[in-house]
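Chemist: I would like the entire structure built from these sequences, with the hints used as guidance.
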Amino acid sequence: GIQVEQSPPDLILQEGANSTLRCNFSDSVNNLQWFHQNPWGQLINLFYIPSGTKQNGRLSATTVATERYSLLYISSSQTTDSGVYFCAVPSRGSTLGRLYFGRGTQLTVWP
Amino acid sequence: DGGITQSPKYLFRKEGQNVTLSCEQNLNHDAMYWYRQDPGQGLRLIYYSQIVNDFQKGDIAEGYSVSREKKESFPLTVTSAQKNPTAFYLCASIRRTGSAGELFFGEGSRLTVL
Chain Y
11 GIQVEQSPPD
21 LILQEGANST
31 LRCNFSDSVN
41 NLQWFHQNPW
51 GQLINLFYIP
61 SGTKQNGRLS
71 ATTVATERYS
81 LLYISSSQTT
91 DSGVYFCAVP
101 SRGSTLGRLY
111 FGRGTQLTVW
121 P
Chain D
55 DGGITQSPKY
65 LFRKEGQNVT
75 LSCEQNLNHD
85 AMYWYRQDPG
95 QGLRLIYYSQ
105 IVNDFQKGDI
115 AEGYSVSREK
125 KESFPLTVTS
135 AQKNPTAFYL
145 CASIRRTGSA
155 GELFFGEGSR
165 LTVL
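Those protein sequences? They're chains Y and D, same order as listed.
The opening position of the first sequence corresponds to residue 11 in this note's numbering, with each subsequent residue numbered one higher.
The opening position of the second sequence corresponds to residue 55 in this note's numbering, with each subsequent residue numbered one higher.
Just so you know, not all the hints are guaranteed correct.
On the chain Y side, residues computed to face chain D include the following (Cβ under 10 Å) [claimed, not checked]:
id, residue
1, V39
2, V94
3, F96
4, Y110
Please keep in mind that the hints were generated in silico from the structure rather than gathered at the bench.
The beta carbon of each residue, even a glycine, is placed where N, CA and C say it ideally should be.
Modeler: Here you go:
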């Protein structure tokens with residue numbers, strides 16, 4: 011299967027700081043998703059981003075499929091951004107098959 | 055409202071008992087998935103189903119069983135053969151997006167075996 015590596019594993023920030031989370035994957039993909047798992051365990055879709063750049067408020071994501079990585083940018087972080095951020099990619103050529111997840115980045119934002 | 059509904063949200067069971075977790079979606083998604091998450095860990099795939107009456111094992115299928123009799127429903131049974139069943143269980147389904155698919159999750163079921 012595809013290997014998905016996320017870095018850093020842990021990140022601690024002061025409120026208002028900016029951060030960049032990285033997701034590397036081992037094979038070409040036609041899809042990549044970023045999720046945020048809040049402290050209650052709920053997984054929230056942030057971005058569906060097979061390539062290019064997307065922005066949603068203070069968050070943006072860039073996927074460079076040819077170089078097999080994606081970046082998630084969080085600007086002006088808030089305490090509500092705390093939680094675990096996962097990226098996931100599908101197996102090659104698969105539309106409805108399994109997705110492979112990274113181990114996540116645990117983000118803690120202090121007031 | 056459209057979405058993925060998991061029940062129960064919290065469940066306590068004695069060791070040796072089978073437990074069935076419900077997952078229902080009204081999004082008309084074809085494929086459904088079950089993941090397990092242990093504290094501080096990532097997501098591990100248990101089973102998935104791309105079509106009614108068909109399903110495939112994921113990475114940790116031992117001690118679990120599933121059925122897919124209806125498109126909307128994908129229940130997971132945690133059997134007494136599962137050695138460490140206490141975990142957070144997440145159900146998901148995929149919406150086709152062109153040649154790919156976008157995954158959506160339910161709110162999860164937290165199982166504690168005493």
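Chemist: Each hint: holds or not?
Modeler: Here is what the structure says about each hint:
Nearest Cβ of chain D to the Cβ of V39 of chain Y: about 8 Å, under the 10 Å cut. The hint holds. About 9 Å separates the beta-carbon of V94 of chain Y from the nearest beta-carbon of chain D, less than 10 Å, and the hint is met. Using the Cβ-Cβ criterion of 10 Å, the hint placing F96 of chain Y at the interface with chain D is satisfied: the shortest such distance is roughly 7 Å. Against a cut-off of 10 Å between C-beta atoms, the interface hint on Y110 of chain Y holds, since the closest Cβ of chain D lies about 9 Å away.
In this structure, every one of the numbered hints holds.
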